[in-house]
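Enquirer: Each chain is listed here by its residues.
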Amino acid sequence: MTRRESRTTRAYRRLLRLYPRAFRERFGDEMLAFVEAQSRMPRYRGAGVVCLWARLAMDLTRAAPRSRLDALRDRRERKNEAAHVGWASQTHPEEEVVETLAQDIRYALRTLAKRPSFTLVAALTLALGIGATTAIFSAVSAVLLRPLPYPDGDRLVALWASSGGRTTERLLASYPDVMDWRGRSKTFEEIGIMRSQSVNLTGGDRPDRLIGSFATPGVFRVLGATTALGRTFNDSEATPGRGARVAVVSHTVWRERFGRDRSILGRTLILNGVPHAVIGVLAPSFQSPFGPDEVWMPITSIPSSSTFDRGVSNVWAIGKLRPTSSVDAARRELGAISAQLASEFPNTNRGVGAIVVPMREQVVGPMGAALLTVFAAVGLVLLIACANVANLQLARAASRRHEIALRAALGAARWRIVRQLLTESALLSFAGGTLGVLFAKWAIGVLVTLVPGGLPAFGDVGLDRNALLFAAIASAVSAVLFGLAPALRAARSDLRDTLNARSAVPTAGRRFGAGTAVMAAQLALCTMLLITAGLLGRSLGRLRTVDPGFNPNNVLSAEFRLPAVKYKDDASRAEFFRRLIPALRAIPGAKSAALVGAVPLSGNWSGSGYTIEGRPAPQPGAESRVQYNTTSDAFFRTMEIPLLAGRDFDARDVRGSPPVAIVNQTLARREWPKESPIGKRLRAAGDSTWMTVVGVAGDVKHLTLADPPTAQLYMPMLQSPNIFSSVVVRAEGEPAALTAALRNAIWSIDRDQPVWKIRPISALVDFSTRQQRFTLMITAAFAGIALLLGAIGVYGVMSYAVVQRTREMGIRIAIGARQTQVVAMVVRRTLAVALAAAGLGVAGALATTGLLATQLFGVAPRDPLTFALVPLLLSSVAALAAYLPARRASRVDPMVALRAE
Amino acid sequence: MARSRSQPTELVPLTPVVLHILLSVADSERHGYAIAQEVEAATDGQVHMGPGTLYGSIQRMLASGLIEEVSHRARDASHDDERRRYYRATPLGRRTLELELERLARVVGIARGKRLLRDPKPA
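Taken in sequence, the protein lines are chains A and B. With the working numbering applied, the first sequence covers 1 to 901. With the working numbering applied, the second sequence covers 902 to 1024.
Calculated from the structure, these hints are not laboratory results. This one's a predicted model, so the numbers in the text were calculated from it and none came from an experiment. Positions of the beta carbon are idealized from the N, C-alpha and C atoms, including for glycine. Treat the hints loosely; a few may be bogus.
[Said to hold, decoys possible] Here are some of the chain B residues that sit facing chain A, going by a computed Cβ distance under 8 Å:
#: 1; residue: Gly953
#: 2; residue: Thr954
#: 3; residue: Tyr956
#: 4; residue: Gln960
#: 5; residue: Arg961
#: 6; residue: Arg986
[What the hints assert, rightly or not] Every beta carbon over 10 Å from chain A, so not counted as near; a handful from chain B, in silico:
#: 7; residue: Gln908
#: 8; residue: Val913
#: 9; residue: Arg996
Pulled out of the complex, with its shape left as it was, chain A reads as follows (with noise of 0.2 Å):
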């Protein structure tokens, strides 16, 4: 009597492939009447299947390949025994399983040398695919996985205010509102405040410059600095009103600049103009989150005195967040806290908030998306390498079908002939990953030389462990990926049609062989990568014609920083200025020179918010914005900015003169769009001073090129002498050669005072485009590696689909066809393949590149232009590919053709 099969014996039934035929059909039948019992017993039933499964999973995986031994441990005694008649040996089955893998090794070699061209171009596309991922994951790993080298780091935050309920632009904080977190909150363990300026170090030869820190001591808490040396500074040191001077400098200054001196505690420096004793040396592995500073001083050392006045926003923040305490909870804290003190201090505290940012996501910033989408890219190469590897696999398994075959029919087990194509994919795949390091080794190299401003990464970026350990998961994948396919599919061939049949005729449905399906899906990849590339590359374009504003060519820029205690009030710092002016225009070859507070593109910029005469005051802190600079008379002709109404500032505008400035286009449009700006007044949030309007002048871009068009306003330098301060000289000819005569004119005013940055602006244009630049070569770089490999790919599959095909064309060409119309049908269904593919890479990039968007300037993720040319391009290059084995096919000489059967 016969039941219906459970489905688990149904499933069974095909698991009991795994093994060897023999035993399958010796014992199939009762091995499924065994599950099928089993399946039916109560215990098993129900939920109780997936325990049944679970010891059915068992059992096969410690079975199955007992069982294969066991097989060719028989077969092998069985010819031993036709060769000796006596005997057999024992084996163990351990040697038995080393000495079949040593015999796949050894043949696999032998395989693979027979065949230099092709192990040669595919050890070498893997090559190029698993080394550009693991380079790029080593920067992944040093960048993103690496721990911060902070203790808890996981815990640590950066801390900034908010404007508005604006989270996404993070401004300085104020001193007193960030004590008030510190007092209040519950959810930090410790809240450190710390600013970082230029500090002037003077009493040595000639005046230099150090980063300079001037910190709470919670900052070393949160941060889990150790000294070298000494201590660090206390609480009461650095208490307003009774802050100690004193300094701790770092490892690296301490080394460099004091030769490792231990005599260096208790030494005084002169920072700022101040004298500070030397308390202590940081420890080696001591690094600052947000840069390289070298000296570290008490807040109370800062140079501006309303650091500690509530309103006035200059510092940056960290804490470390209580172990059980979380980012959220943490940003709903301060939330409620910013909320009190908005009530408690309505005119400098309305809305401003508090936003916390995990310390990572702060120090990585846009390099972590920058990393994800190049580490993205290079996945997609080691995917097309792969497929390439895959598809070169295929077009020789078909030219090796007889040799299997004969070994199949020889009396090789279909596992033992996939175990051996597969030991060659794995030779391959160790070949390409070894070859791989090393080209990762090279280009990590150059990688860490050409990121914009370095990776932020902690520590070096290298081939650590973990990289080598990606390399061979990478390579080990990559066997199977580009292995499985082809060996599964030679040893399913069948024997006796490969065996009767010299070449077999393929079957309607199956034009090009299964190669086509491979082929397509790597033109669909490329598609992606071209795309990618070409909505980078015309973001580029676009950014490189965006009109600045000014004119970036022969123009020199520095920076310096006037020490307070020496220059402590405006008509002391005016002084200078007044001085230096004419100074820098005597300069020999200067056409033009100006200070200005902040050089365009240079990374230094201030902004407010303004209140125009006349109009109902708005909420503090609602403002509308504008970015506001500071320039002596000239700036704008030195820059060559159009001046587009009115005057320049000039010898009037000086202190005690009325307040006046100029507006940018933009703020003249946006606040008087239908009359003249020109002697309206407004003043700066916070200000009690109105400033009169006396010029329009032309937008700059300011702090990239990317920037929309922003509301400017500039003040007179000499109205408000600012101790920060940047000069700008139009030169002759080449900038860089005033360079010594710009330091010396400085000089000539002030023999302490340190001036540095000396660079051509044109330099800081060039440098505003370095990341999108990078990542632009970078992915091209890709693409047009995957572009190359894909039209690789193609020849190799059309290649082989021809000669498959041999007989067809023979008959085709018999009965009349012309050479232009079999290499048009070559083509043309090889066209019809790539259009297909790039219609599905199109698909994939309209659904992912989405994600560029905030890497792209002037085109939209869905650019019209790019998503039409790519796949022109791609089917142009794939016909290419297609012509020269069509042009071989369509010069097959039918007798031939058909005699070769």
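Could you slot chain B onto chain A? The hints should help.
Expert: Below, chain B alone, put in the same frame as chain A:
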């Protein structure tokens, strides 16, 4: 088959699975599923055999001549499944089993002598 001429001494010690299968078919002929059930019951579920393990072992035991397939088995009419085959221990199998059991008994004896194992309490 090649290893059918083995001597019992070459075949011990037996793996637990082989030992239990031999025990199961020493006194009567059984089919595979019945062997698995009996072993599981006799060992309180401690020795659980899946189909692969069971028939893999049966194949090896057939090859080394420990068991044999019964050619003229009495058909138990109603509950029989025509796919089932019955196995029983060969004389070689029985000698091997005796050898193995003596070996185990000696081991148990040594353990008792050292007071590593308590005598089974009379029921």
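Enquirer: Holds or violated: is the Cβ of threonine 954 of chain B closer than 8 Å to a Cβ in chain A?
Expert: Because about 5 Å separates threonine 954 of chain B from the closest Cβ in chain A, which is inside the 8 Å limit, the hint holds.
Enquirer: Could you check if tyrosine 956 of chain B really has its C-beta closer than 8 Å to a C-beta on chain A?
Expert: Holds: closest Cβ of chain A sits about 4 Å from tyrosine 956 of chain B, inside 8 Å.
Enquirer: Determine whether the non-interface label on glutamine 908 of chain B survives the test: each CB of chain A must be over 10 Å from its CB.
Expert: holds, 12 Å
Enquirer: Could you check if glutamine 960 of chain B really has its C-beta closer than 8 Å to a C-beta on chain A?
Expert: Status holds, d = 6 Å.
Enquirer: Would the hint on arginine 961 of chain B be counted as holding, given a Cβ-Cβ threshold of 8 Å to chain A?
Expert: Interface hint status for arginine 961 of chain B: holds (7 Å vs cutoff 8 Å).
Enquirer: Quick check on the hint: arginine 986 of chain B CB to chain A CB, less than 8 Å?
Expert: Holds, about 6 Å.
Enquirer: When you look at the beta carbon of valine 913 of chain B, is every beta carbon of chain A farther off than 10 Å?
Expert: Nearest chain A Cβ is 15 Å from valine 913 of chain B, so the label holds.
Enquirer: Go through the hint on glycine 953 of chain B and say holds or violated, using the shortest Cβ distance to chain A against 8 Å.
Expert: holds, 3 Å
Enquirer: Is arginine 996 of chain B truly not at the interface, in the sense that its beta carbon sits beyond 10 Å from all beta carbons of chain A?
Expert: The assertion about arginine 996 of chain B holds, with a minimum of 20 Å to chain A.
When held up to the earlier numbered hints, the structure conflicts with none and fits them all.
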